[in-house]
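Keeping the supplied structure of chain H fixed, place chain G upon it in accordance with the hints.
Going line by line, the protein sequences match chains H and G.
Each step along the first sequence adds one to the number in this note's numbering, with nothing skipped, and position 47 is 215.
Each step along the second sequence adds one to the number in this note's numbering, with nothing skipped, and position 160 is 512.
Calculated from the structure, these hints are not laboratory results.
Check each hint, because a few of them may be wrong.
As the list claims (entries may be wrong) - Straight line, CA to CA, 30 Å or less: simulated DSSO-like cross-link-like pairs of lysine-lysine: (1) H:K211 to G:K375; (2) H:K208 to G:K527; (3) G:K375 to G:K527; (4) G:K401 to G:K375; (5) H:K211 to G:K548; (6) H:K211 to G:K401; (7) G:K401 to H:K170; (8) H:K211 to H:K235; (9) G:K488 to H:K208; (10) G:K465 to H:K208; (11) G:K548 to G:K527; (12) H:K211 to G:K374; (13) H:K208 to G:K375; (14) G:K488 to G:K465; (15) G:K375 to G:K548; (16) G:K548 to G:K374.
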Amino acid sequence: MKTKYWLLLFGTLLLLGVVLTAVLFTGSGSTRAEIWSDGKLVKTVNLGIDQIFTVDAETGSNTIEVKDGAIRVMEADCPDHICMERGACSGGAPIVCLPNRLVIRFAGAAEPDASAG
Amino acid sequence: MRRYTALLLLLSLLFLCGCGQKKAAETVFAMDTVMELTVWGSDAGNHVKAAVERIRELEAALSVTRADSELARLNAGETVALSADTESLLERSLALREETGGAFDPMIYPLVKLWGFTTGEYRVPAETEIAEMLAKVRTGTVELEDGMAAAHGAELDFGAVAKGYAGAVLAREMKAAGVESALLQLGGNVQTVGLKPDSSRWRVGIRDPWGGEDSYLGVLEVGETAVVTSGGYQRYFEEAGTRYCHILDPATGYPASSGLASVTIVAEDGFLADGLSTALYVMGLDAAAEFWRSRDDFEAVLVTDNGRIYVTGGLRDCFACEEFQVIER
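In isolation and in its complexed conformation, chain G is listed as follows:
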């Protein structure tokens, strides 16, 4: 009889414990997008609250449109004492620019403005306008020493990396505070902390560049990582039958037309994932594959304009979709 009692006790506990996992979630409107933060575990509510405050802080420092932000003052020609976040972002952005041979360039902001991508008042600039602006952008420099920065004839924009950086910062700080499971969706950027509360991997859908927002190209199963997609479909305008996408090729000053429709980067570091998704989109399939072979800190899903899907070797077993080719080392 006692044995049955013990068995029943165990079974009841088993059934009941599944309902106990605490969860807190909040959506935040920041950095021109919508962010959804979900944290599981005890004290989840406080972790979410701290994350929201941190996002506001990052936004205040990094916004290129707020006149009083560190970045806006830097762009206006002031010598600015940078906060730790802005300094780190600037330093890393300039380094990534070197590493990607300029395919990622935080200094093309004047060109982005010229095309109207900052305001939504889109226009196709004249060739001479682009050539002039390109020449100006190339002569611009940024000085950074001991946390003091000054831009000389240069304007910076962290739009391509700010959300990825924010995700990385939030994940790091949550982990330091003891969070074991969290999902941060920062406007199309995904950052995970740990595994799902049931210890399975996260399933991240990758948007179909042609399917609208309702359909996925495939699903990635990932552990603790950042997943970031850049694609021409995300923001563009059309004029005289031509589509102009928001990702500019720093080499030409025109929208990138490398034959890729979208690039998804899976990397431990959110900043890197964000920056590389833009850089590899600009590079095109072959150069992107070569770049991947030269490094070991990320994996990628590349979709070409004609609908072919290429996946780097490290993702072959965690990507589920109808048909894809694997890029080998």
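Here chain H stands alone, though its shape is the one from the complex:
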């Protein structure tokens, strides 16, 4: 009776582990982008899902579009618009809007851990 109880417990745990691992691995297989605003991670988006959203911060606001596996800053109230000029990207160095303190980082299995240059 006792053995059965333990068996059931660890069986459930094992199943839970397998499911969790599977979920996590499929999650990191496709490219994701992390949206950082004023030093904090505010949103993680899957580049496979088209969407448009706005990040508002004290420093300013940026409207971001995810489309066809790429992400871009569509509109921004920063003075230089360097973030918008970068265009739609699906990887590489982070997209940065220095005036508005916005950073879009790429994460995923194919992306390096860091970029130099």
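Leaving out everything else, chain G in the frame of chain H:
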């Protein structure tokens, strides 16, 4: 039956432990760039917090544009009692200037200003202006004794080494505090602490000088180290069809045109990696290769203007890219 139970127990633990690694991250806007700090392990949040404070402290001492910074006061002609950081940076910068035969020179700040690289109001100075400024820069001296410094007719700028120095300081202090795994990205400079949380090496992409910010030239696999790239593509302006890059050759006062598009240095010490990436860019391929042969404290990836990639011997097995040549000892 009991054996199966034990096996199941082990398996469950195996699957579950992968989810337990703690991580803390923050982006910091400092030193005219964006920095991303990531620390793994217990107490990661506090280590990140301490690092952010340390960056602010370094910025306050080393900024060349803040009127009240130690550096700005030194440049204004005051005799300044230096903090340990500024003293170390000054001492090491002057030493590196000697070692690189002047290819790295922290005293060319007046020339950098003349070209407008400090303000973004770029212009091509007249030949006579450059000659005059160059003469002035060459006669300038800096005195450093017992932590007291005075500049005589000289203006300094640590822009080429400050981020690398900051990375080295942060890595050292994190390790002393017990951090085993951290990734510090200081605006294009990379500094790692230990290995990745899963004990594999870090993969650092090196930017393609022509591919824009979306593409990598190749990927370096590294352990605990600093990786720093200097390239003309990072900041430049164009006038009358000519491109003027932000890295000046201290010998001529003009933007370096040594035939290199970018130089990446891999070195244990972030200060050295940062300073040498600039110096070797100024030197050009042949002199850079010779310089590498004369030392044993760094490795390099050099990309020429015509797209050839050269890698020093120590990196041959940890650099992945389509095609490259190896520079031998």
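A quick look at each hint next to the structure:
{"no.": "1", "hint": "H:K211 to G:K375", "verdict": "holds, 16 Å"}
{"no.": "2", "hint": "H:K208 to G:K527", "verdict": "holds, 24 Å"}
{"no.": "3", "hint": "G:K375 to G:K527", "verdict": "holds, 16 Å"}
{"no.": "4", "hint": "G:K401 to G:K375", "verdict": "holds, 13 Å"}
{"no.": "5", "hint": "H:K211 to G:K548", "verdict": "holds, 24 Å"}
{"no.": "6", "hint": "H:K211 to G:K401", "verdict": "holds, 21 Å"}
{"no.": "7", "hint": "G:K401 to H:K170", "verdict": "violated, 48 Å"}
{"no.": "8", "hint": "H:K211 to H:K235", "verdict": "holds, 16 Å"}
{"no.": "9", "hint": "G:K488 to H:K208", "verdict": "violated, 46 Å"}
{"no.": "10", "hint": "G:K465 to H:K208", "verdict": "violated, 34 Å"}
{"no.": "11", "hint": "G:K548 to G:K527", "verdict": "holds, 14 Å"}
{"no.": "12", "hint": "H:K211 to G:K374", "verdict": "holds, 19 Å"}
{"no.": "13", "hint": "H:K208 to G:K375", "verdict": "holds, 14 Å"}
{"no.": "14", "hint": "G:K488 to G:K465", "verdict": "holds, 14 Å"}
{"no.": "15", "hint": "G:K375 to G:K548", "verdict": "holds, 11 Å"}
{"no.": "16", "hint": "G:K548 to G:K374", "verdict": "holds, 12 Å"}
Checked against the numbered hints given earlier, the structure breaks hints 7, 9 and 10 and satisfies all the rest.
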